[in-house]
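Protein sequences appear in the order of chains A and B.
The first sequence: position 302 = 302 (my numbering), numbered continuously.
The second sequence: position 80 = 399 (my numbering), numbered continuously.
Hints listed in this document are in silico derivations from the structure and should not be mistaken for laboratory results.
Any given hint could turn out to be false.
What the hints assert, rightly or not - Here are the computed lysine-lysine pairs in the DSBU-like style, where the Cα-Cα straight-line distance is at most 35 Å:
| # | chain 1 | residue 1 | chain 2 | residue 2 |
| --- | --- | --- | --- | --- |
| 1 | A | K181 | A | K157 |
| 2 | A | K154 | B | K410 |
| 3 | B | K381 | A | K181 |
| 4 | B | K414 | A | K276 |
| 5 | B | K381 | A | K287 |
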Amino acid sequence: MAQERDVILFDHNHDGIDRRGFLKCMAWAGTGALCIMSGGVLKSYSLGSPSAQKAAKGELTFVQISDSHMGFNKPANPDVAATLKAAIDKINALPHAPEFMLHTGDISHLSKAEEFDNVDQILKSARATDVHFVPGEHDVLEENGATYRERYAKNAKGDGWYSFDKNGVHFIGLVNVMNLKPGGLGTLGNEQLEWLEDNVKPLSASTPIIVFAHIPLWSVYPEWGWGTDDSARALSYLKRFGSVSVLNGHIHQIMQKVEGNVTFHTACSTAFPQPKPGTAPSPGPMKVPAEQLRGLLGITDVTFAQGKHALAVTDSTLE
Amino acid sequence: VCLFAVGATTLGAADAPQPAEVNIDNFSFSPATITVKAGTTVTWTNRDDIPHTVVADDKSFKSRVLDTGEKFTFTPTKPGTYAYFCSIHPKMTAKLVVE
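Construct the entire structure; sequences and hints are all you get.
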């Protein structure tokens, strides 16, 4: 059974609480808060409130899944295929059918063909079979990510970055897991950044932008590599837009932050949880009792309401 | 068994340096700096639940991806200080000093 916490996370529109704060959306056991962005201002409601119901009737709905780590078989999750299937069941049971899915990387654990095959097979059972991927570092372990690009990014540029438009929303998939430098964080690189600058140039400032990439594009916890060295340059190209949302994976837990008109959001993994920043000697799979596992895994359901510039982000666990 | 015995004898006779070991635990290389004589075989063992790599900053040596329990060996011949890192988790950095 899903646990729900009725927490108003932030409401800048009225009282501007902790605008630049480091906000955790529902953290661990939590699920079921709804974050709504309106005109670049994020508000949130508890699920089930009348405002939340209204926002859920948006015109564009998609789901973000992340970090399926197919091939991982250690504690606390010896069966990551089963939890990915549970995530798809959850998606198929949503009251509003998503138009497509985003997978924000670490599809596989070791970049093996059979791991990718297994994920592809499971994703076929989703109501939304259209999936847009970006790679995680686990997807590009061999041959500079050739297998990944062949499967998931044939028409993309460079290492696999691309953009597409849906219902007036401009989606940008970025790659920040290649050519990592000693001592550094995630990297976008000059070629991709130049592409991004050109890509958004013709867009009007009122175009809602959704950026998705594996490693967070904000500094979650650099000590554990949870950030991207050159993300500030990427965000500088998006400054003039009224509504920018950034969706990431990698850290296997839900976190949110609002910085000006940019909302950052990280999704749960469908495979295993990781510790909260700084609460363990290192990142890595967190061992939890079997009965707690599915409460720490999940999916992210996003609804965009045309004309309102409102983006509603709902995280649900697999319980 | 026989082969092992012969190998050990040969090494002993040649007065080869003792093998050196680096463990990977909790996203770090231990020891963070290892000093060996040229010709010493260094073995890295990944003891994490997450794959790692061992890659010299100057690419003079580079492991394949090491899953849990997997090892990488390298025998440096040229003296010098070699900074290396995990190319998957670049915050993981360490040094191999060859005398």
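Tested hints:
1. A:K181 / A:K157: Judged against 35 Å, a Cα distance of about 21 Å means the pair holds.
2. A:K154 / B:K410: holds (30 Å)
3. B:K381 / A:K181: holds (14 Å)
4. B:K414 / A:K276: holds (29 Å)
5. B:K381 / A:K287: With Cα atoms ~31 Å apart, K381 (chain B) and K287 (chain A) stay inside 35 Å; holds.
Of the hints listed earlier, there is not a single one the structure fails to meet.
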